[in-house]
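Chain residues, written in single-letter form:
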Amino acid sequence: MQLKRISKHFGEGEARVDALREVSLEVFPRQVVALLGPSGSGKTTLLNVIGCILDPSAGSMELDGDLVLRDGEWQRSNLRRLRLDKIGFIFQFHNLLPFLDATDNVAIVQQLAGADAATARKRASALLDDLEVGHRKHAMPAKLSGGEAQRVAIARALANSPRIILADEPTAALDSKRAGIVMDLLRKLAVEHDATIVAVTHDEKIFDRFDRLFHLRDGRLVDG
Amino acid sequence: MNLAYRDIRHNLGRFLLTCMGLGLLLGVVLAMIGIYRGLVVDALTIARAPAIDLWVVEANTRGPFAEASRIPGDIREAVARIADVTAAGSVTYQTVEAEHQGSKLRLYVIGYELTRPGGPPEIAEGREITRSRYEMVADRSSGLTLGERIRLGRRTFTVVGLTRHQVNSGGDPAVYITLADAQKLQFELAPPAARVQLARGTSGASLNTVNAVVARLHPSASPDATAATIQRWKHLAAITQEDQEAILSRSLVDRARRQIGLFTSLLLVVSAVIIALIIYTMTMEKLKQIATLKLIGAPDRTIIGMIVQQAMALGSIGFTIGTALIVGVKDYFPRRVILEPDNVAVLGLVVFVVCLLSSGLGVRAALRVDPATALGG
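In order, the protein sequence lines correspond to chains A and B.
Start counting the first sequence at 0; every next residue gets the next number (numbering that gives the first Met the number 0).
Start counting the second sequence at 0; every next residue gets the next number (numbering that gives the first Met the number 0).
Calculated from the structure, these hints are not laboratory results.
Model, not experiment: these values are computed from the prediction.
Don't be surprised by glycine CBs; every beta carbon is placed ideally from N, CA and C.
Hints may be right or wrong, so weigh each one.
[Said to hold, decoys possible] Under the rule of at most 30 Å between Cα atoms (straight-line distance), these lysine-lysine pairs were calculated in the BS3-like manner:
(1) A:176 x A:204
(2) A:136 x A:121
(3) B:233 x B:103
(4) A:85 x A:136
(5) A:85 x B:287
(6) B:183 x B:233
(7) A:3 x A:176
(8) B:287 x A:136
(9) A:142 x B:287
(10) A:176 x A:142
(11) B:183 x A:121
(12) B:287 x A:176
(13) A:142 x A:204
(14) A:136 x A:3
(15) A:187 x A:176
[Stated by the list, open to error] Example chain A residues on the side facing chain B (calculated, C-beta under 7 Å, incomplete):
(16) 24
(17) 26
(18) 78
(19) 79
(20) 94
(21) 107
(22) 108
(23) 193
[Said to hold, decoys possible] Output of the computed footprint for chain A on chain B, the stretches with three or more beta carbons under 8 Å from beta carbons of chain A:
(24) 7-14
(25) 136-142
(26) 334-348
This is chain A alone, in the form it adopts within the complex:
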């Protein structure tokens, strides 16, 4: 994943706010990196740009070797499909769909990509087994513990074998022991799935679990 001089501003004139200022960075497969910085520093904005859900004002970006953004213009017309094929998301509060059980929460991603229900459920089941929550595959999200729900969420992020996994505060809702387990798991998955993991975090106790830390301040990359 390569970002070149990514900028994003909101508003114009005196109301203009520069959320990102010429941010350039490069992350390689199997790397687990963190975006750090105080509130308003541009971490989430940068995560949204990498996730192809926010239009940047300028810059270029390559994902998995594909030039998807050039000079602030998306090179793909169907960003939804790009997200579905290449990017997995892990959320701070899991964001599991409350009306689907654990298996279907994972299987839905594959079904959206075109897989039939049986294949999707089989793979979902295997992923849940891999993440050691197979015994909870029929449980509804409300019945899962925080750690179990986060594992199901990770399984969902991995369902389509994405090359990039974006994690928004993945350990914020967990105690330090479980946070450590989740980070170990993410590292293992990055290696096994040959994926890049980019996480936004404030959780200092897991800083040492990342390969690289990118510090943002006032929209600029100040260290990384």
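Fit chain B to the given chain A structure using the hints.
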């Protein structure tokens, strides 16, 4: 994977309660439509009962229902002699309050000549009147039963037959008695009043007075032409059956009809707003889930499908509950509630369109959700 079905199944109790509430609301709308239809049909029932073509009434009146009408009873013979008239009968109409099982019972008393037009259309139970005095055919809605005796005026009548759905425009059940009995009931003075009249040197009004003469015409005859012939007699007015029905539906019950019609329309608008609010709220509660779906790559059609299917399920289940409810209780209403299949179908169509439009509001909100809102707390 049907997301709408899964979401409904997950919140089944709440969804069914919402459907129940909507069903009650739609049931009230259906009841109002049924009451409206019942009012119109009831208003026409008595006029349609004798199955005649022409009403001969007092000159310059639109009797006998919209205005009072009194004409001599022998007019019937004159009318019967007109070419194209195949049968004619004298009739009287009056409202009487009688004592029945310790309370007042309002009855619409129709007097008719036994072998001539003007009698009950169909006997549902018992028999027709065969004796010239003191027998009665009553409508079932009066609560009277076969063989029961009831006092009207100064005489007691025996119920020998029962009809169904014979009520006047005010909903009072009709009872049929012979013309002679009806004339006595309507025109005969009480003994003290008769004595006063006698002392004044007058013998009182003739009893041979009727409210109208009804006539059946030859199938090839023109009611308008026959009416015009009768109008030339100056002291009479003739109203065709078509005009009589127009008077009843547009004049006699017009305000009540418009009142109920307006209230029904308002109720429909309120229902539409409530359906729209329910569906919109259902969607707004799911915005975070919709944002997550969008973020993980769900196409718009998946999200639109989920909202529209839920709206349709809500509307169809609510409509079914409402219809079943009203069909089940409509016979317990004090006045007739008539649910015509086409009225039910039209309301179903309205509910379908309202649900579709309401889901459009939800869809609009859902499609505007930024997938980025799924990130962060």
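Hint check:
no., hint, result
1, A:176 x A:204, "10 Å, holds"
2, A:136 x A:121, "11 Å, holds"
3, B:233 x B:103, "41 Å, violated"
4, A:85 x A:136, "25 Å, holds"
5, A:85 x B:287, "22 Å, holds"
6, B:183 x B:233, "28 Å, holds"
7, A:3 x A:176, "36 Å, violated"
8, B:287 x A:136, "23 Å, holds"
9, A:142 x B:287, "19 Å, holds"
10, A:176 x A:142, "21 Å, holds"
11, B:183 x A:121, "91 Å, violated"
12, B:287 x A:176, "29 Å, holds"
13, A:142 x A:204, "28 Å, holds"
14, A:136 x A:3, "41 Å, violated"
15, A:187 x A:176, "17 Å, holds"
16, 24, "19 Å, violated"
17, 26, "19 Å, violated"
18, 78, "10 Å, violated"
19, 79, "5 Å, holds"
20, 94, "4 Å, holds"
21, 107, "6 Å, holds"
22, 108, "5 Å, holds"
23, 193, "20 Å, violated"
24, 7-14, "holds (count 3)"
25, 136-142, "violated (count 0)"
26, 334-348, "violated (count 0)"
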